[in-house]
Amino acid sequence: MILVAVALAIAAFLAVFLAAPVASVFHAAFASGSGGFTLAHFESFLQISLMRESFWNSLSVAALSAVFASLIAVPLAYFTVRFRFRGALLIQTLGVLPLIMPPFVGAVAMQLLFGRSGSVNLLLNDAFGVAIPFMDGLNGVVFVESLHYFPFILLNLVVSLRNIDGAMEESAQNLGASGWRLFRRIIFPLALPGYVAGASLVFVKVFDDLGTPLVLGTTNMLAPQAYLRITSIGIEDPIGYVISVVMVVFSVAALWASARVLKGRDFATLQRGGASLQRRELSPWQQAAASAWVGLVLLLVLSPHLGILLMSLSRVWSFSVLPEGFTLAHYATVFAQSTGMIVNTLVYCGAAALIDVALGAAIAYLILRTRLPGRQLLDLAASSALAVPGVVLAIGYLRAFRGLELPFLQTAFTASALALVMAYAVRRLPYALRSCMAVLAQLHVSLEEAAENLGASKARTVRRIVVPLMAGGILAGFVTSFITAAVELSATIVLSSSASRAPMSYGIYLYMQSIAGRGPGAALGMIAVVIVGLGTYASHWLLERRSAAVARPIA
Amino acid sequence: MQAVRVEARNLQLSYGATPVLRDITLTVEPGEFFAILGPSGSGKSTLLRLIAGFARHQAGELLVGGKDVTGVVPWKRNVGMVFQNYALWPHMTVARNVAFGLEERRLPREEVRRRTEAALQLVGLDGYGGRRPSQLSGGQQQRVAIARTLAIEPQVLLLDEPLSNLDARLRLQMREELLALHRRLGVTTIFVTHDQEEAMTICDRIAVMDHGVIQQVGTPIELFDEPANRFVAGFVGSVNLFEGELRASDVFVSPLLGECRLPAGLATRPLGPACLAFRPHAVRVDAAAAPGGDGLGFDGTIAAASFQGETMRYEVRVGGASVIAEQPHRRGGTGWRDGTPVRLQVAADELRLIAA
Chain A
1 MILVAVALAI AAFLAVFLAA PVASVFHAAF ASGSGGFTLA HFESFLQISL MRESFWNSLS
61 VAALSAVFAS LIAVPLAYFT VRFRFRGALL IQTLGVLPLI MPPFVGAVAM QLLFGRSGSV
121 NLLLNDAFGV AIPFMDGLNG VVFVESLHYF PFILLNLVVS LRNIDGAMEE SAQNLGASGW
181 RLFRRIIFPL ALPGYVAGAS LVFVKVFDDL GTPLVLGTTN MLAPQAYLRI TSIGIEDPIG
241 YVISVVMVVF SVAALWASAR VLKGRDFATL QRGGASLQRR ELSPWQQAAA SAWVGLVLLL
301 VLSPHLGILL MSLSRVWSFS VLPEGFTLAH YATVFAQSTG MIVNTLVYCG AAALIDVALG
361 AAIAYLILRT RLPGRQLLDL AASSALAVPG VVLAIGYLRA FRGLELPFLQ TAFTASALAL
421 VMAYAVRRLP YALRSCMAVL AQLHVSLEEA AENLGASKAR TVRRIVVPLM AGGILAGFVT
481 SFITAAVELS ATIVLSSSAS RAPMSYGIYL YMQSIAGRGP GAALGMIAVV IVGLGTYASH
541 WLLERRSAAV ARPIA
Chain B
556 MQAVRVEARN LQLSYGATPV LRDITLTVEP GEFFAILGPS GSGKSTLLRL IAGFARHQAG
616 ELLVGGKDVT GVVPWKRNVG MVFQNYALWP HMTVARNVAF GLEERRLPRE EVRRRTEAAL
676 QLVGLDGYGG RRPSQLSGGQ QQRVAIARTL AIEPQVLLLD EPLSNLDARL RLQMREELLA
736 LHRRLGVTTI FVTHDQEEAM TICDRIAVMD HGVIQQVGTP IELFDEPANR FVAGFVGSVN
796 LFEGELRASD VFVSPLLGEC RLPAGLATRP LGPACLAFRP HAVRVDAAAA PGGDGLGFDG
856 TIAAASFQGE TMRYEVRVGG ASVIAEQPHR RGGTGWRDGT PVRLQVAADE LRLIAA
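So the protein sequences, as listed, match chains A and B. Mapping to this note's numbering: the first sequence position 442 is 442, numbers consecutive. Take any residue in the second sequence, note its place counting from 1, add 555, and you have its number in this note's numbering.
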């Protein structure tokens with residue numbers, strides 16, 4: 001009975017804060033003035049040349065970013081798994097960088113470093129008289145996004161490669177395969193799940209990113225158009241909803257396609273007692289070459305972070321390779337003006353993360369430990385939030401909850417912090433859910449059966465055995481939800497109405513709008529990096545401690 | 556295809572400071588079905604991987620078909636290996652798996668198809684080419700792995716514990732099939748196992764390994780009847796083994812058994828520490844005070860009896876020692892009860908004195 005009540009409560013939450021807003025977006029896109037079904041809005045969407053252009057731009061930027069991210073990530077992943085060399089550990093830690101700083105924060109710094117009159121092009125111009133248009137228009141978006149998101153491919157691929165049974169490779173060598181053919185025919189196909197998971201994630205993330213194009217001033221893409229339509233023309237403009245529908249459809253299609261590619265294939269993972277791929281030693285010469293290359297990649301990947309740090313400390317930085325003077329004044333400005341935003345971020349994201357772990361743990365338990373009919377639907381519904389771009393969800397809130405006043409507060413729901421918290425919670429629920437599922441799946445059910453056998457009821461068993469053993473995963477899920485919500489911009493821009501109620505990410509975005517605000521914007525960005533960095537470190541530390549403390553039960 | 560000889564000369568291999576193979580010298584004759592038998596950690600799998608090129612020896616020579624293959628990469632050796640877990644690639648069909656090695660050799664498409672079919676037919680899996688490895692039973696997967704290896708017509712066939720992942724009945728069946736396959740193809744085959752029964756039933760000759768050293772090489776009967784040392788005696792079949800000292804050519808003194816009179820002609824070793832060994836099935840159990848024979852006789856008491864089906868196995872207390880004796884069981888026999896005093900007899904030609 002309790003289980004059913006919990007399941008229904010979760011379903012209701014998802015229905016109100018995920019399904020209803022998305023449904024209202026779809027309704028608005030297909031509803032005629034009289035309320036009937038119409039495709040007229042799609043027709044007018046297709047007739048506006050800016051929309052067609054935006055559509056192709058979004059599609060090609062997302063695809064190209066996935067391609068460039070792959071070009072960086074695949075060799076890095078292969079080399080770290082395959083060879084023993086000193087940079088390997090360093091490469092692994094790259095994985096946390098995209099979590100630490102949202103791409104739009106780094107985008108401004110990238111313009112200063114790689115733009116037409118940025119440091120690199122100034123140097124190139126002095127030396128060779130040439131300039132490379134890294135940051136011009138769509139190039140800039142692709143450049144920033146692929147540098148930012150390649151670790152998603154790297155990390156997933158490394159895990160997949162590590163799981164390949166070494167005998168798979170040796171048997172191919174035994175039959176005459178080596179080098180590139182061995183990689184192409186055996187290794188890469190076996191690691192495909194990791195690659196596809198990473199690449200589709202990059203595609204979806206780039207496709208629905210609003211902050212980076214906006215900050216770079218590239219508005220001829222879908223996400224910026226949806227935002228501009230709704231905020232400038234108004235919430236009744238159907239084109240904004242049509243764009244939203246297109247974005248959802250493509251996100252779903254990308255995720256579906258990635259699942260489709262992997263369907264019907266078998267991927268053997270490492271069996272118990274098996275050895276993974278053998279690592280080879282590098283000669284000193286190769287070692288040096290590998291290190292140099294890794295160093296170059298690192299420099300490129302860290303450039304937004306370094307750039308932001310420099311910006312936050314620089315007095316003036318324009319048309320010069322490096323800033324002309326250093327100051328701490330920007331930090332003082334930020335602390336004087338924006339402490340409220342920092343507090344807002346902590347409160348909103350903390351609340352959202354709490355909701356996420358509560359829901360995540362409950363859903364995980366329902367799925368893995370009960371036979372409740374329809375429990376898989378909860379997982380599906382919660383995970384489907386991954387395919388809903390932040391802009392779309394936020395627009396859906398504006399539409400579905402318009403006119404809804406919060407009781408006692410006399411404010412509109414969509415103007416309140418509650419809307420942000422709910423949007424964060426829904427968007428980050430999949431992360432917390434995965435974290436909880438992973439830890440619960442590892443707990444052998446016999447641990448709970450033993451408790452029941454000794455007289456503990458289901459509820460007592462959950463409280464005394466399941467929750468304590470899941471604590472590490474729950475905490476890690478909390479931190480992941482928290483830090484990713486802290487750097488979320490898409491939903492934030494749409495739902496933030498006043499600076500006093502806005503979180504840091506919105507503050508950074510506001511500052512970055514003006515040249516004068518760049519310094520303080522960068523300083524606020526650095527503070528966000530520190531908060532998120534600490535959170536990331538905490539979650540790693542918690543996970544390490546958990547895996548050390550909870551030894552695997554004897555099977 | 557001409558069968559080739561595999562020769563190891565003074566092979567040495569260590570991982571860091573840990574020696575894994577010590578001075579391995581071994582010849583596998585062309586067309587032989589040869590087993591490398593040893594407990595886990597004995598170095599037997601390493602030796603096999605060395606032949607396949609997956610490990611490198613630090614000293615010595617390895618010759619396949621008369622050519623030194625040291626430094627030849629695995630994919631140029633043409634030495635087929637069947638892996639313990641089969642290592643079938645799950646992203647390919649059975650036919651693609653089997654065709655793989657032929658494709659790597661850039662053979663014409665038609666020949667690849669023909670030889671793939673022939674290999675599958677050889678292992679009795681024609682018609683299974685379109686399936687995925689995961690759709691096959693363990694025994695079928697094993698056959699695919701064998702077909703995949705045989706398709707390239709390797710000079711040497713290496714089998715790494717090929718039967719260990721199968722259930723008992725299938726294991727017996729596959730054993731027969733491996734033997735039949737070997738008789739048909741005549742390819743030099745090296746078979747690594749920890750199961751002495753498996754090695755003895757199908758192999759022409761066996762090398763027993765322990766701690767990276769070859770303890771003895773011989774036919775199954777030689778190993779069983781004339782074990783070179785305690786390890787071989789205990790690992791190949793079961794044995795009653797007593798440490799002691801050879802005092803004179805016919806006097807063996809053991810702390811557990813006391814002084815034993817040995818039959819004439821048994822002791823060909825120098826005087827000093829030695830072990831007296833005999834197989835449990837060579838011990839005859841008689842009623843106490845039965846007349847003695849030409850071998851060795853002990854008085855003892857039945858300590859435990861266990862019925863094994865074909866045989867009855869007794870643990871007999873003799874002085875401070877415990878002797879295992881196995882007697883054939885005949886229908887209706889009830890055997891000796893615990894605590895019964897008995898006379899044990901071991902025929903002279905069943906006794907062995909081996910190095911301590």
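For the record, the hints were derived by calculation from the structure and aren't laboratory data. All values reported here derive from a predicted model rather than from experimental measurement. Careful, some of the hints might be misleading.
Unchecked claim - Which residues of chain B face chain A? A few of them, derived with a C-beta cut under 7 Å, are:
| # | residue |
| --- | --- |
| 1 | 611 |
| 2 | 636 |
| 3 | 646 |
| 4 | 656 |
| 5 | 680 |
| 6 | 683 |
| 7 | 779 |
| 8 | 786 |
As the list claims (entries may be wrong) - Okay, derived cross-link-like pairs now, SDA-like style, lysine to any residue, Cα gap no bigger than 25 Å in a straight line:
| # | chain 1 | residue 1 | chain 2 | residue 2 |
| --- | --- | --- | --- | --- |
| 9 | B | 631 | A | 197 |
| 10 | B | 631 | A | 281 |
| 11 | A | 263 | B | 690 |
| 12 | B | 631 | A | 252 |
| 13 | B | 631 | A | 280 |
| 14 | B | 631 | A | 182 |
| 15 | A | 263 | B | 693 |
| 16 | A | 458 | B | 690 |
| 17 | A | 263 | B | 692 |
| 18 | A | 458 | B | 647 |
| 19 | A | 263 | B | 631 |
| 20 | B | 622 | A | 125 |
| 21 | B | 631 | A | 458 |
Said to hold, decoys possible - Covered stretches of chain A, as calculated for chain B (at least 3 residues, CB under 8 Å):
| # | segment |
| --- | --- |
| 22 | 227-236 |
| 23 | 513-527 |
Each residue gets a CB set at the ideal place from its N, CA and C atoms; glycine is no exception.
Consistency of the hints with the structure:
1. 611: This interface hint is violated because 12 Å lies over the 7 Å limit.
2. 636: holds, 5 Å
3. 646: holds, 5 Å
4. 656: Since chain A brings a Cβ to about 3 Å from residue 656(B), closer than 7 Å, the hint holds.
5. 680: At 18 Å from the nearest chain A Cβ, residue 680(B) fails the 7 Å test, so the hint is violated.
6. 683: Since the shortest Cβ distance to chain A is 15 Å, the answer is violated.
7. 779: violated, 31 Å
8. 786: Hint on residue 786(B): violated, closest Cβ of chain A at ~25 Å, above 7 Å.
9. 631(B) <-> 197(A): Violated, at roughly 35 Å.
10. 631(B) <-> 281(A): holds, 21 Å
11. 263(A) <-> 690(B): holds, 15 Å
12. 631(B) <-> 252(A): This hinted pair is violated, its Cα atoms lying about 47 Å apart.
13. 631(B) <-> 280(A): Cα-Cα ~19 Å, so holds.
14. 631(B) <-> 182(A): Given pair residue 631(B), residue 182(A) holds - Cα atoms ~14 Å apart, limit 25 Å.
15. 263(A) <-> 693(B): holds, 23 Å
16. 458(A) <-> 690(B): violated, 39 Å
17. 263(A) <-> 692(B): Between residue 263(A) and residue 692(B) the Cα gap is close to 22 Å, so the pair holds against 25 Å.
18. 458(A) <-> 647(B): Given that 25 Å is the threshold and the Cα spacing comes to 45 Å, the pair is violated.
19. 263(A) <-> 631(B): violated, 35 Å
20. 622(B) <-> 125(A): Judged against 25 Å, a Cα distance of about 61 Å means the pair is violated.
21. 631(B) <-> 458(A): violated, 61 Å
22. 227-236: violated (count 0)
23. 513-527: Result for this restraint: violated, n = 0.
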